[in-house]
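Undergrad: Given next are the chains, with one letter for each unit.
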Amino acid sequence: MDARSIIYGETALDKLVQWLRATGEPQDLEVVVQRYLEILRELVVEEQP
Amino acid sequence: MSAPIFAGTPEQQALASEIFRLMSAQGALFAADAPIKQTLSNLTDFLAAQRKREREAMAHEIDAALRANDQVFARQEDTETREIIYITSRLGVYPTRREDTSHTFKQRLYEPDEPLPVDDISVVVSTSRPALTTVEPVFISDYWQQQAGMVSFPLRSTSASTGDFDVQELEQDRESEVPVLDTDKDTPVEPVVSPDVALDDLLPADLVAQDLPAQAVSSEIRTTVPPVEITNQELMSDIEEVVPGPAEPLVAEADEGITADRLVSEDRVDIVDVDAIPAVPAMTPSESVVEGSDEVVQADEIDEIDEIDKIALEDTEPIAPPAIFTLPDGTAIDLQQPVSKLMATHRVILEEALINRIDQDPLQRIVHFGRDLYTDADKINLGKNDLRRIRDYILEIGEPVLDTAIIADLYHSHRQSTTESFRFSLNYRLHREKEFEFVGVAGACLWSTRGLPFIGTKRVKASEMGHLTSYLVEGYDDSLEQQHGAQINEEGIVNRQITFFEWEHGILPLDASLATLLPQPLLSEQRSVVLRFDVPQHYTSYLVEVRYPTGNRGGWLQGLEDFFHEHLVAGAIIKLARTEEPHVFTLTYEESGVRSDRLLTFDDKKNKFVFANLSYECAVDSEQLLSQRKFGKLKNLKALPTPDRRKADFVLAHVFEVVGEQLGTRNDPLYWLSLDDLYVAYNVLRPASRPYIESLLAADAMYAPDEATPGAYYYKPVPEVEEIEEEEDTDVLVYDDDDEY
Chain G
306 MDARSIIYGE TALDKLVQWL RATGEPQDLE VVVQRYLEIL RELVVEEQP
Chain H
343 MSAPIFAGTP EQQALASEIF RLMSAQGALF AADAPIKQTL SNLTDFLAAQ
393 RKREREAMAH EIDAALRAND QVFARQEDTE TREIIYITSR LGVYPTRRED
443 TSHTFKQRLY EPDEPLPVDD ISVVVSTSRP ALTTVEPVFI SDYWQQQAGM
493 VSFPLRSTSA STGDFDVQEL EQDRESEVPV LDTDKDTPVE PVVSPDVALD
543 DLLPADLVAQ DLPAQAVSSE IRTTVPPVEI TNQELMSDIE EVVPGPAEPL
593 VAEADEGITA DRLVSEDRVD IVDVDAIPAV PAMTPSESVV EGSDEVVQAD
643 EIDEIDEIDK IALEDTEPIA PPAIFTLPDG TAIDLQQPVS KLMATHRVIL
693 EEALINRIDQ DPLQRIVHFG RDLYTDADKI NLGKNDLRRI RDYILEIGEP
743 VLDTAIIADL YHSHRQSTTE SFRFSLNYRL HREKEFEFVG VAGACLWSTR
793 GLPFIGTKRV KASEMGHLTS YLVEGYDDSL EQQHGAQINE EGIVNRQITF
843 FEWEHGILPL DASLATLLPQ PLLSEQRSVV LRFDVPQHYT SYLVEVRYPT
893 GNRGGWLQGL EDFFHEHLVA GAIIKLARTE EPHVFTLTYE ESGVRSDRLL
943 TFDDKKNKFV FANLSYECAV DSEQLLSQRK FGKLKNLKAL PTPDRRKADF
993 VLAHVFEVVG EQLGTRNDPL YWLSLDDLYV AYNVLRPASR PYIESLLAAD
1043 AMYAPDEATP GAYYYKPVPE VEEIEEEEDT DVLVYDDDDE Y
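Protein chains in written order, with the working numbering: chain G, 306 to 354; chain H, 343 to 1083.
Treat the hints loosely; a few may be bogus.
[Said to hold, decoys possible] The following residues of chain H were derived to be distant from chain G, with all beta-carbon distances above 12 angstroms:
no. : residue
1   : LEU669
2   : GLN679
3   : ASP714
4   : LEU744
5   : VAL926
6   : SER969
7   : ASN1009
[To be verified] Here are some of the chain H residues that sit facing chain G, going by a computed Cβ distance under 10 angstroms:
no. : residue
8   : LEU729
9   : ILE749
10  : LEU752
11  : ALA995
[Stated by the list, open to error] List of simulated lysine-lysine pairs, DSSO-like, C-alpha gap at most 27 angstroms:
no. : chain 1 : residue 1 : chain 2 : residue 2
12  : H       : LYS917    : H       : LYS947
13  : H       : LYS950    : H       : LYS972
14  : H       : LYS917    : H       : LYS948
15  : G       : LYS320    : H       : LYS975
16  : H       : LYS947    : H       : LYS800
17  : G       : LYS320    : H       : LYS721
Derived by calculation from the structure, the hints in this document are not laboratory data. Only a predicted model underlies this, so the values are computations on that prediction, with no experimental measurement involved. For glycine and all other residues, C-beta sits at the position ideal for the given N, C-alpha and C.
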């Protein structure tokens, strides 16, 4: 995925929701942002050849 | 369902019919062909008792009757209990059950009636290889690569303009730089052919990936270069010939062969299958000497050549696209960096941006309260009855209540009451209701509702207090000069002297020192927080409302009026300290012996300042103590109405006129007052800091510092000009022409 096409807070938000549901309880904003960056990173960096 | 026809004597038919009726009733809910079983002993017991017959005779009659109707009643004998069992069904006949194995699901699954033909197996398993996704290389001009210092010399294998592979250029390069084997020599050593060395393997990967005409080139080169045969000596001499000049001599000892790898690595377009040269002596790895030459090539230099070639090859490889995206405010975020580093650098911006986006999500998949985020689908919904119960509970308690207390008292039996998700759901729901107000801090979610007792004094309106404390947000806050913020954070203690205004109204301006000590509001739109100040010296506690600054209005604490009046006087020093609870603080003061003095107070009924006898046992600063002996003039201060009290310059002039020493005359007044006394007297009417008062003094030309006495000021008001009404005598000025004439 091209990083330039990322819309922060919109791209892969469904994955973030999925993770948040899996945790089973509310999470702190910092933890959520950290996890969201990891999700975006997986989308962009790890998909590069 | 028709009854079966029974055989035998009329008595037997009647008996069989009755037994069939009994057994049909027994299996009334059975399937029509389901077996209905009954033992002979049971039938005998029932019928013998009904007909009052002997059991033996009855058993014989039953058995005889049912034997006569064996098409209806199947007869079995239990081998273990020797019990005779009759079996029938509601159909009147008992068919022996047979298992139907003519067709099974298993059979239908593995042996379909219409199996797919073998040719159509591709429908299930694709035999074609899926297209591999290839990343197109990004071509960067040689010029720019050199400018950026990415390469030390221009690439030779690609055309600068188009990137196409140039065959002639390649051949020229080979002739100019590559050790070329002289095919004219005829001394045979071993045929050396290179049909297997594909040029593709030697070309940069991107050229191959671009599907450029490199393959055609390589095949052409293969065909144009015939197999050659060379000897060792020829090889050595050829190498000597092609070694470029003395600056970079490539030499080899005759007794140590040139390694195949070396020969290949130095020549990217070498077409010699060097693996097929076993007789060629290997070159020493460290240094090689050419016969008859003193020049020595160090291994480092050879490695340098390798490095250059390696860089050239690497530079032609596709460059990974940057993983940079931009936030709405333009901040670039590089995902190639570790997440921890990104968080350390851009945490605040990332958090704000994510919250803003989540709020704009039309599906509202994620909801948040404070810093906690949760999915909307997983939060627990609370109904109107829940809200009514919670509101009644808060009103019953009579003060703001923690969310944990609400859950413990109202939802202690709730199966999810202990989970964080329920706590989040409660706070999130109450936050969305207008009748509830969040007055908590991080770690202590306090909820208030309409109808609770007011905290603080009503004598000063909130709007007026915001105005009176605006000097704090205008840069005249000197509270951190005596106690640094770092020290407050470390110790969690603030020492503070209270002024008359603070004592009278139970209000503390929220200056920088208190703002450092007290917690910040949890929600962005939160305007107040309710804290509990425990007074261990008197085993009491007070609810204190913290009003935070908004815009150009300052903040303050209110609710300490009773404590101040009961235990302190103006000038006392109090100490505020944190506790383990984020919303609980301790309020203490230094005690001293009981003293009594005539101190300034405010008489509400007379609406004026008076001196009254007060006893106190707190330590005070004698300079700040408003005793009648020192500040006797203060009783003449006017309890200014709100509009006048808002005018800082008006209050300043009034204080000078009342408290200051009159040095002039009545017609030409001149007042003198020290800044210390001015500060004390000014803080009787409204809160102010010394820098703020000094700024007022400096801003008006009517105030001038006393050069002879540092820290003292003169106030020379402008004499009031009596307005003389000009009586316009219209009778004099205006005349009628008719009168004159």
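Undergrad: Hint by hint, say whether it matches the structure.
TA: Evaluation of the provided hints:
With a cut of 12 angstroms on Cβ distances, LEU669/H falls inside the contact zone with chain G, its closest approach being about 5 angstroms. Taking the minimum C-beta to C-beta distance to chain G, about 9 angstroms, the non-interface status of GLN679/H is violated against the 12 angstroms cut. Chain G draws ASP714/H into its interface by the beta-carbon criterion, the shortest separation being 4 angstroms against a cut-off of 12 angstroms. With 12 angstroms as the threshold on Cβ separation, the claim that LEU744/H sits away from chain G holds: the shortest Cβ distance comes to roughly 17 angstroms.
Under the 12 angstroms C-beta cut-off, the non-interface status given to VAL926/H relative to chain G holds; the minimum distance is some 23 angstroms. For SER969/H, the shortest C-beta to C-beta distance to chain G comes to about 54 angstroms, beyond the 12 angstroms cut-off, and the non-interface label holds. At roughly 68 angstroms, the least C-beta separation between ASN1009/H and chain G is larger than 12 angstroms, which holds for a residue marked as non-interface. The criterion of a C-beta within 10 angstroms of any C-beta in chain G is not met by LEU729/H, whose closest approach is roughly 21 angstroms, and the hint is violated.
With a least beta-carbon distance of about 14 angstroms to chain G, the hint placing ILE749/H at the interface is violated under the 10 angstroms criterion. Violation of the interface hint for LEU752/H is found here, the shortest Cβ-Cβ separation to chain G being roughly 20 angstroms, above the 10 angstroms cut-off. A cut of 10 angstroms between beta carbons decides the hint on ALA995/H: the least distance to chain G is about 51 angstroms, and the hint is violated. Using a Cα cut-off of 27 angstroms, the hinted pair LYS917/H and LYS947/H is violated, with the two alpha carbons roughly 32 angstroms apart.
The straight-line distance between the Cα atoms of LYS950/H and LYS972/H is roughly 19 angstroms, inside the 27 angstroms bound, and the hint therefore holds. Proposed proximity of LYS917/H and LYS948/H is contradicted: the alpha carbons are some 33 angstroms apart, above 27 angstroms. A hinted pair counts as satisfied when its Cα atoms are at most 27 angstroms apart, and LYS320/G with LYS975/H does not qualify at roughly 73 angstroms. For a cut-off of 27 angstroms, the pair hint linking LYS947/H to LYS800/H stands: about 16 angstroms separates their Cα positions.
Between LYS320/G and LYS721/H the alpha-carbon distance is near 18 angstroms, which keeps this suggested pair within the 27 angstroms criterion.
The structure fails to meet hints 1, 2, 3, 8, 9, 10, 11, 12, 14, 15 from the earlier list, while all remaining hints are met.
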